[in-house]
Amino acid sequence: MSKMKKFKEFDIPFVGLKEAKHQFDYKIENAFFEAFNYDEFNNADIKVDIVLDKKSNMLELDFKAKGTVNVNCDLSNEPFDLPVKGKLHLVVKHGEEYNDEDEELLIIPHGEHQINVAQYIYEMIVLAVPAKRVHPGIEDGTLSSDIIEKLEELKPKEEKSNNNNETDPRWDTLKKLLTDK
Numbered sequence: 001m002s003k004m005k006k007f008k009e010f011d012i013p014f015v016g017l018k019e020a021k022h023q024f025d026y027k028i029e030n031a032f033f034e035a036f037n038y039d040e041f042n043n044a045d046i047k048v049d050i051v052l053d054k055k056s057n058m059l060e061l062d063f064k065a066k067g068t069v070n071v072n073c074d075l076s077n078e079p080f081d082l083p084v085k086g087k088l089h090l091v092v093k094h095g096e097e098y099n100d101e102d103e104e105l106l107i108i109p110h111g112e113h114q115i116n117v118a119q120y121i122y123e124m125i126v127l128a129v130p131a132k133r134v135h136p137g138i139e140d141g142t143l144s145s146d147i148i149e150k151l152e153e154l155k156p157k158e159e160k161s162n163n164n165n166e167t168d169p170r171w172d173t174l175k176k177l178l179t180d181k
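If you're matching positions, the sequence shown starts at 1 in full-length UniProt numbering and goes up one per residue.
Any given hint could turn out to be false.
As the list claims (entries may be wrong) - The calculated lysine to aspartate or glutamate pairs, modelled on DMTMM-like cross-linking and capped at a C-alpha distance of 20 Å, are: (1) LYS18 to ASP140; (2) LYS93 to GLU139; (3) LYS8 to GLU34; (4) LYS8 to ASP25; (5) LYS64 to GLU29; (6) LYS132 to GLU78; (7) LYS66 to GLU34; (8) LYS93 to GLU112.
If you are wondering where the hints come from, they were derived from the structure by calculation, not from laboratory data. Quick caveat, the model's predicted, so the values are computed rather than measured.
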């Protein structure tokens, strides 16, 4: 099955639309990301609103995404719901040939009567997810797990300082080298 077939519900036919603003709503779930062979989410529940403003010579699309993706915490590997929000502005114009090199401008060939927004939705959401995914329970101390306890144990201990200001004799020679200039 081709990618475009898979994402047929993300085709926005704009030819029959009046010059005005039109709203399109999508509910994005994990199957959407799986279709892109993206498997970093355990689950996804995201609402995407697209406002298409049809003008005489171009289309302007404003994408807004809000929802959660379920991911594993980078530290504890515990799954949790991570809130995500994304925004994207896209201008669509007709030109000689298809060109999507500029992320904010899409050029489609004359005669095209629809655009597929799946790729834009995908990128907007994936980019909205922070690189470091930390379970909120780690930050506020409510998550206890074997892994967290192990991490605590492995944390480097504060170096014990000598009470009588003695220094390690091996460092003294090095310090002397630094001061003898």
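**Prompt:** Tell me, which hint numbers fail for this structure?
**Reply:** As far as the earlier hints go, 1, 2 are violated by this structure, in ascending order.
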